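Undergrad: Chain by chain, the residues:
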Amino acid sequence: MIDLIHIFLFTFLAIIAIVVIRMRDLFAAVMLMGIFSLLSASLFTVMDAVDVAFTEASVGAGISTILMLATLSLTTSKESTLYQRPRPLALVVVVLTGAALVYATFDMPRYGDAAAPINHHVADYYIARTMDDTGVPNMVTAILASYRGYDTFGETTVIFTACVGVMLLLGGARTFYRWRRREDAGDPEPRP
Amino acid sequence: MIRHVILRVMAKMLIPLILLFALYVQFHGDYGPGGGFQAGVIFGAGIILFALIFGLEPAKAAFPPRVLEVLVAVGLMIYGGTGIAAIVKGGNFLGYGALSHDPVHGQHLGILLVELGVGITVASVMSTIFFHFGGRGRKDV
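From first to last, the protein sequence lines are chains C and L.
Position 118 of the first sequence, counted from 1, bears residue number 603 in our numbering, the numbering being contiguous throughout.
Position 44 of the second sequence, counted from 1, bears residue number 45 in our numbering, the numbering being contiguous throughout.
Warning: the hint list may mix true and false statements.
To be verified - So, partial list: chain L residues that the calculated Cβ filter (under 8 Å) puts toward chain C:
id, residue
1, 32
2, 46
3, 77
4, 101
5, 115
6, 119
7, 126
8, 133
If you are wondering where the hints come from, they were derived from the structure by calculation, not from laboratory data.
These numbers were taken from a predicted model, which means no experiment stands behind them.
Positions of the beta carbon are idealized from the N, C-alpha and C atoms, including for glycine.
Please take these sequences and the hints and turn them into a complete structure.
TA: As structure tokens, this is what we get:
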């Protein structure tokens, strides 16, 4: 049963990815990207990574779709097409890289393998100690906020910095130009 | 404001539920899936939905951009402040165990505060970015 769900989800992911690449209508492409994120979120849920699925569904399918649509409303929703001659060398490079990546996956431990190195570095300690150390039943929250508190602090700072950057790029320039326009129009308003 | 009745009525019904669900995810993150980041994004999505349906100006009146800009920094300062508080109480930076007499209680309190800081920052960042994007190319903002 779970295999059927996997096959279903992966098939749809592949189909949507190909359609998005071939699509010239950017509006439809953005909507399909949202569906792609939602399907990935379902995939994470099937893999029992509920917290990741939660993030993927809210950020990937929600916020980024809306930001893309907001961008499209400022520009145009048609991709400008530029005919390029087919390049056989590029195809060879892409196929070789893809083959190398697929070959590398054969070395990876199987999904859910208890003997995999990733499951034995610090995971054992977290699983054994989380409840005694923090009293928080959700291990993901305990790791993110307590054991890996520095990382999450850095992450929050990154989000903060991104916001400051957007405000400087989009907001700051606008107020400056508005002030300069007023000055040009001979409207002496005190500098903010 | 959008004139479609169905969209408007459904949004009116959904937005309070979305905001309430965000708060649930925020404060239930210790026990179930979720936490500050997801809660912040959901809260921000609620604000953005409000702005999409009822227009940018009413949204800015309900969630003033000035306040949101301050909250962006306040959330991060709650996070950093929790770490500093742990130092003042005699522990390490972000070592929540020092926050209370019982280290487990201290951990729980620290995680709650830190997640609150993340939630506040993320929610205000998401809505601020959207306000800046949505307000571009218009003369009335």
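Undergrad: Confirm or reject each hint.
TA: Quick rundown of the hints versus the structure:
1. Because the smallest distance between the Cβ of residue 32 (chain L) and any Cβ of chain C comes to about 5 Å, under 8 Å, the interface hint for this residue holds.
2. Of the supplied interface hints, the one on residue 46 (chain L) holds, with its beta-carbon coming within about 5 Å of a beta-carbon of chain C, less than 8 Å.
3. Interface hint at residue 77 (chain L): satisfied, since its Cβ lies 5 Å from the closest Cβ of chain C, which is below the 8 Å cut-off.
4. Contact between residue 101 (chain L) and chain C, as hinted, is not supported at the beta carbon level, the nearest pair being about 11 Å apart and thus beyond 8 Å.
5. Interface restraint check: residue 115 (chain L) against chain C, minimum CB-CB distance 5 Å, threshold 8 Å, status holds.
6. For residue 119 (chain L), the interface hint holds, the least distance from its beta-carbon to any beta-carbon of chain C being 5 Å, beneath 8 Å.
7. With a cut of 8 Å, the hint placing residue 126 (chain L) at the interface with chain C holds, because the nearest CB-to-CB distance is about 4 Å.
8. Taken as an interface hint, residue 133 (chain L) checks out: its beta carbon lies about 4 Å from the nearest beta carbon of chain C, inside 8 Å.
In the structure shown, a violation is registered for the earlier hint numbered 4 alone.
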